[in-house]
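**Q** Top line first, the protein sequences correspond to chains A and B.
Each residue of the first sequence is one higher than the last, beginning at 2 in the working numbering.
Each residue of the second sequence is one higher than the last, beginning at 13 in the working numbering.
Any given hint could be a false lead.
[Unchecked claim] Partial list, derived from the structure: chain A residues whose beta carbon lies under 7 Å from chain B:
hint	residue
1	87
2	89
3	113
4	401
5	407
6	525
7	528
Since the hints were made in silico from the structure, they are not lab data.
Beta carbons are placed, not taken as given, at the ideal position from N, Cα and C, and that holds for glycine.
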Amino acid sequence: MILGLDVGGTHTDAVIIDGNRVISSYKAVTDHKNLLNSMNDALEKVIEGIDKGKITRINLSTTLSTNAIVENTLEDVGVLLSAGPGINPEVFAIGKHCQIISGSIDHRGTVVQELNEGELTKAVNRFKKKKLSVFSAVTKFSTRNPDGENHIREILAAETDFLTMGHKLSGQLSFPRRVATAYYNSAVWRLYNRFADAIERSIEKIGFKADINILKADGGTMPLEHSRQVPVESILSGPAASILGILGLCDIDEDAVMLDIGGTTTDIAVLVAGVPLVEREGISFNGRPTLVRSLETRSIGIGGDSAIVIEGEEVRVGPERRGPCMAEGGTSPALVDALNYLEIKEFKDYKASVKGIEELAADKGKDAGETARKAVEYAVEAIRQAVADFVVELNDKPVYTIHDMVDGHVITPKSVYVMGGPAAGFKSLIEKAFGLPVTVPANYQVVNAVGAALAKTTFEIELFADTGRGELLVPNLDVRKNITSRYSLDDAIDEAHDYLFQYARSIDPAMQESDIEVIESSAFKMVSGYSSSGYDLRVKCQVKPGVVMQVER
Amino acid sequence: MIQVKNRVGIIFFPAYDWAISPTHPEREERLLYTQDQLREEGVFDIEGITEFKPDIAVEEDVSKTHFCFPDVASVTTESHMISAGGAIRAARLVMEKEVDRAFALVRPPGHHAMKSVHGNRGFCNINNEAIMIEYIREQYGKKRIAIVDTDCHHGDGTQDIYWHDPDVLFISIHQDGRTLYPGSGHLEELGGPNARGRTINIPLPPRTSDDGFLYAIDKMVLPILADFQPDIIINSAGQDNHYTDPITNMNFSARGYAVLNDRLNPDICVLEGGYSIQGALPYVNLGIVLAMAGIDYSHVMEPDYNREAILQEKETTRYIKRLAEPVLKNYFEPPRDRSLPAPGHLTRRQKNIYYDTDGIQERQLESVMICNECAGMIRLESVSNRNPLSLGLEIPVGACSHCHDEGYRMFESGKKSKKYKVIQMIDRVGKNYFYA
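Extracted from the complex, chain A is given alone in its bound form:
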């Protein structure tokens, strides 16, 4: 049995899945002051009447590290950067204790200038004076040559509780993203590990003997033990939980749109042939782009609690929220109240909604029914427009080969899936606006927990080989070895596949070879003058994202 738990911004949901059925579920309002309490309550309630010993896997989606970063309860980090020529590295400085060291590595991984030892010693002494004990080290092109970052690790060894090295985060290029990701990872490390300890204690105390996994923003999980080294990977997993939930509850194999209509926002996701899209570069967080892989979603400021505003002849909804809707005891009419008024939905204090809409309309000398209708139309149209813009944007993403330009897939959604509090009320309205069939899945109230439960362990690697130099690198696995000049793209693909499979299996014994897929591979013949100087080989492999199974309706 799998237990899925989502400690979300508004609600905490939990489910237990046995075979392919949801056999227990629980939902409560999240206690923001004590997320652990919310978690414990949910764990205890959802397991009532079920044998705890049968739970083999607990998957947890939590907003804790996200909150830590947003609320800036971050630990001071000693940041060491080395960039060399290019954009002035000062603009990427992050945190209160950032030191830039001279040195440079070029795009082939050749060391142009060694790190400056004098500057390095000075920086470390400065960190000592400040009594810092967590660090991050990032050099430009460290994914092509990690020597600089490894050297910094040796220098810092004695002082360190924890160090994040840029090349261990991802094989992807982007110095600024690596800088930000490494910084956040170290800054939340201690807080996250305390939380991880507390989770382990709680779960043990309740009496579970299960493996604990943490949901990531890309819709995969990582073992709790593994997450202690990369806590930054646990940020912003909420949207992924709901997308996976829909995938678990519905059988989708075509291009489709998912809408998660929440209290203040509607999150939009697009599926291509039933598969959710992953952000090409990584998620942006706190205004800083990072290397954290994430499912690609868009959000607009329209949700059930979005305030209704009359301006002249126009009725607008959102993006502002003035407390909860009136049906839930609020003081200002919101979108849900309009649905209540039109009897599209019967939610909580229906009479308060009617009163609120009538007063708002009367105040501006308008008809209450028309006001409610216009509010709902405005909301639906805004969502339709946002989806259309998102699809255009996705189809307009740059591609780099003639093949992809000419024969690339054009995304055309064939169906819409809606979840979230007001979902049921919007079904027919969205059907009409989009001209597409709309599904509101059963169990949609606990869709996030279902998503967490059904997520599988994911990981990805990038292999980079230069047969001219005779070197192969898999940066985030710290693999570096010599290869012969006969090493081919097929060798690289096989090897990348094996490295990923072995590693993935070491963190999740249930991993199958068939879970591994090659997502990009290229071989470029390098030419010096007019003769060949070897091949530049690149392979990107991942554990296929998705759900472990579908649950029965």
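Chain A is already provided as a structure; the job is to place chain B on it using the hints.
**A** Chain B only, in chain A's frame:
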């Protein structure tokens, strides 16, 4: 956080699955290391710098710009249509004010493609800048346009296309044609009879370095642009003046390229040549992008940069200073051609054109109507070892009614004569582009 002064759109299309041949300089990975550098620098994450997908040019975009024999499809492939489409997307972004500046980092290049096209010459089939300019003029109305070709090779294709056009100023800065392909681009080449002084060539001696290039920009190009007052400035941006380029002999640096673009301040850059794909392109392209956006580029530098080693000789400096006077004179007081026929009559110019890449030999007889009212109707007879005698007729943008009517009269008489395998009509007034 980095602040941009100008919003910049980058159309990055490296065509990773296309090459002229396996060891040809114009090969798959030409922009691979540029992409690595731009990604590692986080250029596309800078607020105000956005990456866009190219459009795909359609036949009409080509057939209103070039005479293609026997037709457009025979001389182009998808790669050319995408590359030209990349330039069109750059123009759309700027004209529709989605961005302030745009850079089409696309391949294959185009500036050696002339008015008449039978195949590939100098790595180029169709002229990306010209197709873009004609798109701009047709979609957004008649515009004064200046092209500054900063490729190391003379932009003979673009020069040929705008030879007779007084509204498009073409300036080429290049390594002296006596020392490099294609051998043209001398001071004396200064435009056709209706457009004297609207073609300007600045041939620089081999081993010119940053000082020489920037002198040419400051003392020759900028004064001419200040007078011409273009609505749009286009940099036909070749990167083969770099000191590491394998097929040229200049000493220009990445930072020099950045300064050049800073001063020239082009609305649109379109990539041309540049074949030092590891040692130059990553840094030159980074420098150009930062300069276009108005971001500090003073830290951009090649790993092996050594200022002393690439300084130009004193004699080179003196030579370039002496160039300023004749260059400016060519624009401000172009010498008259006294052998011209009277208005309303056709000139005759014979040209032999060799297509080095495809080994094609073309013979042309080109005529333009001497006209005081418009750019003048163009008539071009062409024959090559690929195509029998063919005829191209162009009624130019803003043509007068006389040139318009003459164009159609020649079209009819051409058909009747049965001398030509194909006749192509470019009617820019009626927007009719067709073959017979």
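**Q** Checking hints one by one. Is residue 525 of chain A an interface residue toward chain B, by the C-beta closer than 7 Å rule?
**A** 4 Å, holds
**Q** Checking hints one by one. Is residue 407 of chain A an interface residue toward chain B, by the C-beta closer than 7 Å rule?
**A** Hint holds; residue 407 of chain A Cβ to chain B Cβ min 6 Å, cut 7 Å.
**Q** Is the interface hint satisfied for residue 528 of chain A? The criterion is a beta-carbon contact with chain B at less than 7 Å.
**A** This interface hint holds because 6 Å falls under the 7 Å limit.
**Q** Holds or violated: the hint that residue 89 of chain A contacts chain B, with Cβ atoms closer than 7 Å.
**A** Holds: closest Cβ of chain B sits about 5 Å from residue 89 of chain A, inside 7 Å.
**Q** Measuring from the C-beta of residue 113 of chain A to each C-beta in chain B, is the shortest one below 7 Å?
**A** 4 Å, holds
**Q** Would you check whether residue 87 of chain A satisfies its interface hint, that is, whether its CB is within less than 7 Å of any CB in chain B?
**A** Where the cut-off is 7 Å and the nearest Cβ of chain B is about 5 Å from residue 87 of chain A, the hint holds.
**Q** Hint check: is the beta carbon of residue 401 of chain A less than 7 Å from a beta carbon of chain B?
**A** 5 Å, holds
Checked against the numbered hints above, the structure violates none of them.
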